[in-house]
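Peer 1: Spelled out from the first residue to the last, the chains are:
Number of protein chains: 4
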Amino acid sequence: MTVTSPAFDTLLARYTAVRGRSLALAAPLSPEDCAAQSMPDASPTKWHLAHTTWFFETFVLEAHEPGFQPFAPAFRVLFNSYYNGVGAKHPRPQRGLLTRPSLDEVLAYRANVDARMARLWPTVAHDDALRGLIELGLQHEQQHQELILTDILHLLSCNPLFPAYAKASDAVAPEPAGALAWHSFDAGLTDIGHAGSGFAFDNEGPRHRVYLHPYALASRLVTQAEYLAFVEGGGYRNPLLWLAEGWDWRAAQGLEQPLYWHRIDGAWHHFTLTGLQPLQGDQPVVHLSYYEADAYARWVGARLPTEAEWEHAAAQGTAGMAQWHGAAWQWTQSSYAPYPGFRVAEGAVGEYNGKFMVNQYVLRGSSSATPSGHERLTYRNFFPATARWQFTGIRLARDLG
Amino acid sequence: MTVTSPAFDTLLARYTAVRGRSLALAAPLSPEDCAAQSMPDASPTKWHLAHTTWFFETFVLEAHEPGFQPFAPAFRVLFNSYYNGVGAKHPRPQRGLLTRPSLDEVLAYRANVDARMARLWPTVAHDDALRGLIELGLQHEQQHQELILTDILHLLSCNPLFPAYAKASDAVAPEPAGALAWHSFDAGLTDIGHAGSGFAFDNEGPRHRVYLHPYALASRLVTQAEYLAFVEGGGYRNPLLWLAEGWDWRAAQGLEQPLYWHRIDGAWHHFTLTGLQPLQGDQPVVHLSYYEADAYARWVGARLPTEAEWEHAAAQGTAGMAQWHGAAWQWTQSSYAPYPGFRVAEGAVGEYNGKFMVNQYVLRGSSSATPSGHERLTYRNFFPATARWQFTGIRLARDLG
Amino acid sequence: MTVTSPAFDTLLARYTAVRGRSLALAAPLSPEDCAAQSMPDASPTKWHLAHTTWFFETFVLEAHEPGFQPFAPAFRVLFNSYYNGVGAKHPRPQRGLLTRPSLDEVLAYRANVDARMARLWPTVAHDDALRGLIELGLQHEQQHQELILTDILHLLSCNPLFPAYAKASDAVAPEPAGALAWHSFDAGLTDIGHAGSGFAFDNEGPRHRVYLHPYALASRLVTQAEYLAFVEGGGYRNPLLWLAEGWDWRAAQGLEQPLYWHRIDGAWHHFTLTGLQPLQGDQPVVHLSYYEADAYARWVGARLPTEAEWEHAAAQGTAGMAQWHGAAWQWTQSSYAPYPGFRVAEGAVGEYNGKFMVNQYVLRGSSSATPSGHERLTYRNFFPATARWQFTGIRLARDLG
Amino acid sequence: MTVTSPAFDTLLARYTAVRGRSLALAAPLSPEDCAAQSMPDASPTKWHLAHTTWFFETFVLEAHEPGFQPFAPAFRVLFNSYYNGVGAKHPRPQRGLLTRPSLDEVLAYRANVDARMARLWPTVAHDDALRGLIELGLQHEQQHQELILTDILHLLSCNPLFPAYAKASDAVAPEPAGALAWHSFDAGLTDIGHAGSGFAFDNEGPRHRVYLHPYALASRLVTQAEYLAFVEGGGYRNPLLWLAEGWDWRAAQGLEQPLYWHRIDGAWHHFTLTGLQPLQGDQPVVHLSYYEADAYARWVGARLPTEAEWEHAAAQGTAGMAQWHGAAWQWTQSSYAPYPGFRVAEGAVGEYNGKFMVNQYVLRGSSSATPSGHERLTYRNFFPATARWQFTGIRLARDLG
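Residue numbers (full-length UniProt numbering), protein chains in the order written: chain A, 1 to 401; chain B, 1 to 401; chain C, 1 to 401; chain D, 1 to 401.
No lab work stands behind these hints: they were computed from the structure.
Since the structure is predicted, the reported quantities are computational estimates derived from the model, not experimental observations.
Some hints could be false.
Any copy will do: because identical chains look the same in the list, a pair fits if it lies in one copy or spans two.
Below, a list of computed lysine to aspartate or glutamate pairs in the DMTMM-like style, where the Cα atoms sit at most 20 Å apart [to be verified]:
| no. | residue 1 | residue 2 |
| --- | --- | --- |
| 1 | K89 | D41 |
| 2 | K89 | E351 |
| 3 | K167 | E256 |
| 4 | K89 | E65 |
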């Protein structure tokens, strides 16, 4: 990871805040809610709470705590996500079968690791590398905070009772974004990617030069009303609009609308963290696969942006362009690949990002479920083209000239 | 069902006892334990608790309670197992995703239905058919009590921590059964199947005549030590011992021993309700598929009994024959089929048994997990040839003459 | 096998006739037709031609030919169907990939084995066991002659051109069977199964006693017109008519009519060996699974017969009962199981029948595709409940008394 | 397609040569060989012969032949590969079941279309667009000529007899490529992609500018001996060398070496068009998936090139660099995506390339199976990361500076 070590005071405050927020996210949930796994791609809340703690225990305490003893030796395997360098892993599709340890035990695990981390703070103050590693652990936990929300939404969506995670009154409706306008960008060289002293994941660098062809970007994301026109206009019935693989995938599953959309007595609804709600026409459409995003773009004679186009435009803070962050992750047509000069980190944390660089597509921006402060101009989120359970939407692009 | 209505006092006491025992079975379990589903064949404890209650609400209260109002309309679908006559059903493989209603809500549902049943008792006293239906509900609940144990054992077996459902000190080790002896039975006509005034499921009748050829039955079930000799003697490597379909099934899954058997540092263990334990050589081997039972029998030059042979012998109470009940369900070579003259009951309860009469094999006896008093000479349990998570074992048979 | 050795002259004539008929069956087919495999259950014609030859080479010549040398060592594996006792087998689902050896080479293989068999005949005359083995090989080849027809029909059915195997003018339409009548049979003991000096497969014996309850059998098979009424009367839409497993199977595959039935411009057709033809209302319905046969029987308030009921009735030659043979294989509700006292033969041929005795149902009679003279009163054909590509139909039964 | 219409005389000669070569490729094959399909990704030779003919009939004759009548109306569906704009398609996995039309009928179809094309030539001389379309048809047929070889190799590889397509004496062993050297390229802007008057597929343009970072490329492809060191050095056992998805794929299939490699009595062989042969240590390794190519590169501290790096280097004809063409298709780390400004062609041929631009990786160069003259500097071949049955190898790259 590209990490200039954060200042000690800041880090301590951040540690407390980030760790506390994970607990707050789990607060509305019952032990059963926290334990269930609705599909292999999603994980139980309890698992997220334990795995983020495992990260600190394994990558920070194990190396730096005098007389290190694991809280529970079995947790090393149970809560390892995908780090082959750490050893064995519990099979991902079976995370929902781990009814033991109980939620209470996992909360005790969190408290234990937090207490041991507290004893480590005097050391931390003088160790740049260690502060960098802790910051990585916090960024990692923030990623899982978003997953807690996407995964619990998916779980609750499988329940015919349509239970709500939160009260509707708690939801902050984002500002509607106004009419769609196109902003043009000239051809030329530009630099993208992370550089400098702030935190970034390793996959965001090195900062490097790219040549861009003239292009235009939409001022805002595609709305639910706009996407509804595609749905009702036969967009899911016309193979000529779709990538071949996307069409086969759509047909095999009989998909006719975005994930979580339901037509009930003739009225369109979508299932959200506040339960089943009427579509909000001026809000961004979310829960789209890459295939759907691409098909919609073709339908309106546009395309998805590349990640370089997105970052170049976003970096300029062009007046009138909105929803870069906090509205939805925005599919790009860029396959997730290493930047020129990319090197994976030494040791097990080197498995963090690089080994996923195949058959995934980069998403830029951030969503309504992204923790505040976690978003970044150079952030590279990535998911397979089939992923729909994330808060994924569309910003349109066009070739110019 | 062949039901001569039980006496009122008896039934009331039974209702209280049976309903209470379900709660007792769930008592050692956390809400998470009660909610998880480890495979499509198994159901969450919470689902069992709710479904057995649904049975009374749907088949008893709905027809007989003045001003019937369902506890929760959605439960009619959520907790319907397989009754097409009742309407829609929640998909079986997704029972583990029902984190709502919570365990507390399901317990409240149970209390509510029990209270409404209590108000119905004055009517019950004078209604033979109603008493018969309530008895069916209790027998049904007892079946699910066994499933609670088999399903929770399977769930816990998926956890690498090998958690125990009960303390080892709570387990009552059955009497070892002594040396295996063969008992002979002459050819001739005999009657099998249920008749008379006691309760029996519809599939146990009508009582009818069959002709038996001379045969011998083993005095007790195959032990773990005997089966271990088959395992270590290459029984799982020799296709000539297996039914062709069984061999393909075994090979595809790479099976080399019974379900729940583990060889740890050279010593054989099995996972049980009291956790991981050393094999108990003189106890019956359990958790065998039909294929394994059949292969073992062939290995020792024997075969599985027919259900008529089993019942004919068991009915005689032959001295020296043991383990008819309470040790293990005993695979027979009899495919589950209707007895001559079998008629399904009118209405939705007619779906109870008959529609499963294909590609399943009859098991006789009862197991250590069968509720006391639920066993019966004419009882016909049935499972597909692949089923291993039940307490299923082997009593050998041989042709004579 | 229960084989009293056939007389020498008869056997020689039979050998020539049976071997020649296999070639005649393949004559209308191109090399491509003979090589393709349309599903794992079906085999290419070329494979049938080679495997039946392999049977003679492996079980007759290898043991009895002086200085035995295989025609081609690789064929021992390529054309072994399922005999583990013989050694390795080419995987069944890949039989259609064996473009080499070519059809010409397989025909040369047949000629070679036939020539070597001819040199063996002097020995055969004096060896009862050998004559028995040759008879088994011929019966085996006759079984594959039926499979050549069922498998080629399935292959051609996958071709949207609907090509015909034979000219319609070659088809002999069986006599229509008249109005359906019921014939009653009393309760009592009867003997079924093969005994005596003629050929029978091992699974047809030993002859043994069974007790039958009073029953009635239909005088003829269910016709296409009768079954069409079930199709058009919603039979495929009502789960209460179906075995639970059958309903799930039907729903998963979206089945709405028998295999090979097509509704074209409002008119019902079926695909046959003479191509696409209009339904023949008074002819037996064929290509039904056990599930469909069972559901139809339930729809008309009847059931499928047991194999003992079928044989008992057929043995009596009751006046007015028709279509015992040559019309369609008739599903029975009897699971395929060993008769009392059944013993598999010594050696590899012992794998012929016994190891398939699980999860299959017995079919009695014979079909329009069965070679003339191959049918037998005690014949036990068997297929899984899902099988539809055989010529399988329905004779109804009812309980009496 | 970017097509400047070829001169009339050239085109006529090319038509005759290309069409004739397809027949020559099929000449060593029997009708059975030509009809079989070994996996959904591969097609029968007969299908290739028919589909390439269908292309001319559908896209050339249908629009330009006076009084157009199809050779056989059903062929429009049977031999449509993936053009939704043309209408229905026969399901791809069932191409091997089309035993009718026979090979002879397909050859007659070819002759018929060639004859009709001959009558069209006078028109062609004066119609630029039509000549362009014919050239596209020929390029299309050349692509299928390579597929005929890759698909027949796969089919024959499924046969335990290891039959050879051609005599070993017919194989031209390419020159060994000498020691591996690295050639460096400076950072800077360069133009890649097709421009100008020659033929190219639409996906090769528009020519456009890219910025390259300093890099080095290997002078030749990785050899079989080098790759063998990876195999024997545990490369297939170390997850840290693999992309996560690649490792899971490898493990699920138990892969331990390239496709077609066999270790026989301790000696490594590979199956080729001339049958089973010993490894040729100095020849390029082929039949690798993207995952294997990527893992090998990581093992030697290198990476795969981008397609821009490859084209930039190849365009310069750098002395000492070899095997750009004719040795193996060379995996690049570039996901198959549209070039800036890419537009799909109007009409059904617009489905030729664009709709496959997701989850595939670009391969550059050409292989030993590519028809002579079909290769091109800007050629963009593409396959999913799992593809192994093509002649796919590795040219290594490195970051510099």
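Peer 1: Take the hints in turn and mark each one as holding or not.
Peer 2: Verification of the hints:
1. For the homomeric pair K89 and D41, the shortest alpha-carbon distance inside one copy (16 Å) is at most 20 Å, but the shortest distance between copies (26 Å) is not.
2. In this homomeric assembly, K89 and E351 come within 20 Å of each other (Cα to Cα) only inside a single copy, at 14 Å, whereas the closest approach across copies is 43 Å.
3. Proximity of K167 and E256 under a CA criterion of 20 Å is satisfied in neither setting, with 29 Å inside one chain copy and 46 Å between copies.
4. Proximity of K89 to E65 under the C-alpha cut-off of 20 Å is found in neither arrangement, the shortest distances being 23 Å within a copy and 53 Å between copies.
Taken one by one, the earlier hints fail for this structure at numbers 3 and 4, listed in ascending order.
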